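**Student:** Could you slot chain B onto chain A? The hints should help.
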Amino acid sequence: MKGWRGEAAVERGSHPLPQPGKGVWGFLLLAPFTAFVLELALGSVLIPLGCVFSSLAGDEDVPEGWRQIVLLFRLPRAITAMLSGAALGMAGLKMQTLFRNPLADPFVLGISSGAGLGVAVLVMGFWTLGWNGYLEKSHMLGAAGIIAAATIGALGALCIVLVIAHRVESNLTLLIVGLMIGYITNSLVSILMQFSLDVQMQTYIAWTFGSFAAVTWHHMPFFVVAVLAGIVMGGVIIKPLNALLLGEGYARSMGVNVKGIRLWIILGTSLLAGSVSAYCGPIGFLGIAVPHLSRLLLRTSDHRALVPGVILIGGAVALIADVLSQVPGTRIVLPLNAVTSLMGAPVVIGVILHRHQAMEAGS
Amino acid sequence: MNETPVIETKGLSIGYPHSRHPARIVASGINAVLRPGWFACLLGPNGAGETTLIRTLTGMQPPLAGTIRFQGKPLQGFSLRELAHHMSLVLTDKAAVGMMAVRTLVSLGRYPFTDWTGRFRGEDHTAVEGAMRAVGILDLAHRPVCELSDGERQKVMIARALAQEPRVMVLDEATAFLDLPRRVELMHLLRELAHSSERAVLLSTHDLDLALRCADQLWLLPPGGPLHMGAPEDLVLRDTFSTAFSGPGVFFDKAAGAFRLNGAKKGNIGLKGGGIAGVWTLRALERAGYSVVPEDETAVCVEVDEQTGITEWRIRGGSVRHRSLESLLADPCLADTPSEGVDGG
Chain A
523 MKGWRGEAAV ERGSHPLPQP GKGVWGFLLL APFTAFVLEL ALGSVLIPLG
573 CVFSSLAGDE DVPEGWRQIV LLFRLPRAIT AMLSGAALGM AGLKMQTLFR
623 NPLADPFVLG ISSGAGLGVA VLVMGFWTLG WNGYLEKSHM LGAAGIIAAA
673 TIGALGALCI VLVIAHRVES NLTLLIVGLM IGYITNSLVS ILMQFSLDVQ
723 MQTYIAWTFG SFAAVTWHHM PFFVVAVLAG IVMGGVIIKP LNALLLGEGY
773 ARSMGVNVKG IRLWIILGTS LLAGSVSAYC GPIGFLGIAV PHLSRLLLRT
823 SDHRALVPGV ILIGGAVALI ADVLSQVPGT RIVLPLNAVT SLMGAPVVIG
873 VILHRHQAME AGS
Chain B
529 MNETPVIETK GLSIGYPHSR HPARIVASGI NAVLRPGWFA CLLGPNGAGE
579 TTLIRTLTGM QPPLAGTIRF QGKPLQGFSL RELAHHMSLV LTDKAAVGMM
629 AVRTLVSLGR YPFTDWTGRF RGEDHTAVEG AMRAVGILDL AHRPVCELSD
679 GERQKVMIAR ALAQEPRVMV LDEATAFLDL PRRVELMHLL RELAHSSERA
729 VLLSTHDLDL ALRCADQLWL LPPGGPLHMG APEDLVLRDT FSTAFSGPGV
779 FFDKAAGAFR LNGAKKGNIG LKGGGIAGVW TLRALERAGY SVVPEDETAV
829 CVEVDEQTGI TEWRIRGGSV RHRSLESLLA DPCLADTPSE GVDGG
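From first to last, the protein sequence lines are chains A and B. In this text, residue positions in the first sequence follow the numbering used here: the first is 523, and each later residue adds one. In this text, residue positions in the second sequence follow the numbering used here: the first is 529, and each later residue adds one.
There's no promise every hint is true.
[Said to hold, decoys possible] Quick list of in silico lysine to any residue cross-link-like pairs, SDA-like style, CA-CA up to 25 Å: (1) A:761 / B:645; (2) B:622 / A:710; (3) B:622 / A:692; (4) B:622 / A:623.
These are computed hints drawn from the structure, not numbers from a lab. As the structure is a computational prediction, the values presented were derived from the model and not from experiment.
In isolation and in its complexed conformation, chain B is listed as follows:
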């Protein structure tokens, strides 16, 4: 890893200067590195200052202290136009472009490279074409942007950023407002874009699950800082992840790699039966507030029965056969579960 980092910050403090009062520091102690070919996700609880950090890293607002080096040179030394040659953004601003063809919008990404008339040369056409192909929106080229779905629109904005042929692409909450399949698709797309070229991609997101699965590097920003950086799995094992995000009522389950609600436990239940139905029964029971324990440790045990070809649930010793998990959870026998020895979390 001898390559010059695309972005490197040392002792960075971010926030808002005040002329009369002392500056309002949002976070400090930010030491981060972003290398070519990396897909990094910036995560933080709401209000931790991810947007402020993104704004500072992209030169939209000055740092309060510390240094930002962009491709080895101080960020402040870059003019807007120079920066536009190396860095492109996808923002949360809604681009109200109205009746504009997708291709025209993507072409705006060539802005820094064309003369004042905006005339395209060969390489500009190639870049626009390539960006649309990489994002998979070639077939949308002539559609008006205002008629696209949110997911398609976001892809168009990414294609525009890509047409700018940046060394680093910075995306601010680009996956918000999208449904889960679209989010997964977008995260994979961004990772592909980073890996297939020596381009760095930095995405701020609240999608912990997806970020854990997709990102090469996580930047964790707890409120006030400092920023923790590393491979997602390392951060989980070091408990950085749970410290940064756990709050009252929520804890990070290291084994499952997901956040859990620690609601009041209703009691222990045994579960007999495996397979897909077993997994979802487990989830249903946990959602309802039960702890699932080995079946010989508790009096109440749920049995999953798939022998007849239809999935059915039965509480051991009971006679009622439930055809759905909803009806199982409503079974009064479950309410009698012993709760001794169970603590809240």
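In isolation and in its complexed conformation, chain A is listed as follows:
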């Protein structure tokens, strides 16, 4: 043990910041595509890779059942998973940078809680009001109705956050207000649950499990446009995001319009987190773990590397989580949120225990 501290210091001193080689980027590019193909091949029915590619190529020789599964179910599901992962990773990264807090995630502003309240009001509240007959007749309890309710709920939470963001100067205040909005909406949901039937509660709880299966080809264009727009909104502010790493004071002194950028970040994050919550439910832990994984792999807090990093890693991790949640080859389907938490929480714990510098960005 003698002198180990000194040696460690010397060793650190002699090593410059290790730059991720081309290998890391190659891996990051390959990972989402590999996971994408796995998602198409694996599920309750295992489909050989050759048949997967033939189905995608429009080959008629593939058994009709497999073709249907790949093209109608798994392909939209894989696209949804990849986009959701990228969206949550991007949204989490922006929140961690804006609030300089390693525990911030896309939902700290209460956006997904708002979406949850929307869904709860639809499946439980309207029943209480005696509108159930109308709801059933109009198929409002189907995927489309839930997506609409979640969107309205998320927008409602967003409006409150925007009004407050316009009034307060401090990011910390905004963070606390966002968390409190989350608590309020969650308690409203609990109250609604108190007065609802088991069936309704189950519909709601199933929504909270999260799933990438709800987005059919019919919904796909809206979802794709929303997520891509959100990602572009993040991509164009890479430069101010880097400035924000130094804190608001420094950012201001370099000419960053801090309030304007903050508004832009909130809008972009809400678009990303809101659409994922609306279409797939409140998917936890990806938003917090993916940015940390990116910092760990890319060994930098520079957003020029992190933004493409979270998109690729987020897509890959979401796809892998979805593959695992379906327990390939069985009829068992695990709640997606349970799988993402099981994958994400150890990453966060590992980062904290190692006091990794990746954590420092935002502490």
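**Tutor:** Okay, now just chain B, sitting in the frame of chain A:
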């Protein structure tokens, strides 16, 4: 001195406006000038409002009254981006940048000059390189910022501010948390940066000693104002310095140019012996609360003896030879010192 001052304030009042109550004025009557090539230190007792003044001068908060002219034009007329072309800051905020190479952080200083993609042109590279060379951190360029010592980190932040190629660099307590050698180094660096170019540097600090020795100009801000400005030595001779800072228990010793504690005096002691050992014996005796007077004016006298090659101390007439000042101060003979005619300060 016909150059336009970089910063000039007239009748400035600083503080915090309230919507319902009258504004809380922190200090008023601030008339200050900062010229190109000057290294100025802003000093004030804790709570006098240096941070508020820095925030006001850098446009982070509006003045309550009076005017601030920046390079001859009203400060309010500058947009954030324009101001960023002329003024850069080193703040007390900890920059939690994590795994970022020193060079990348310094490059952030080019923010106001690059397009939205942040792409560097030739002059941007030159500015970053020059800033790192001026601060002496070229060899740290590829080290991650999170592994630097506090002193190195502060230099990196100064290099970043320098890469912004400002007309004026404003530093808020940039020397706090550093050890003495690092502070001295940093003060000299800042002075060099001001003198070697026509750049003005304004540093708020609590380091009176160093500021007295290094600054071209002192800005003294007593609680409530008004601000006193001038060459450090002038302020000392005019007693501005002692008025602004002396409090119960502390007074400014003009002869020594340092603050002294005026604790209860224990009595007069004579001192025989010079050289380095003499100087430190004097300091030890003064710290212990004795007044050192010419040796023929008092009965008790300490003699420093360096003849044998080893420094030894003896109280005149006593037989004990002390090998250290610690043991000298513990000598019971010192306690018998006459204290008649000595007042507290």
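**Student:** Could you run down the list of hints and mark each one as holding or not?
**Tutor:** To see whether the hints hold, each was checked on the structure:
For the given pair, residue 761 of chain A sits about 6 Å from residue 645 of chain B by alpha-carbon distance, which is consistent with the 25 Å threshold. About 39 Å separates the Cα atoms of residue 622 of chain B and residue 710 of chain A, which puts this hinted pair outside 25 Å; it is violated. Straight-line distance between C-alpha atoms of residue 622 of chain B and residue 692 of chain A comes to about 16 Å, which keeps the hinted pair within the 25 Å bound. Distance check on the hinted pair: residue 622 of chain B and residue 623 of chain A sit about 13 Å apart at the alpha-carbon level, within 25 Å; holds.
Checked against the numbered hints above, the structure breaks only hint 2 and satisfies the rest.
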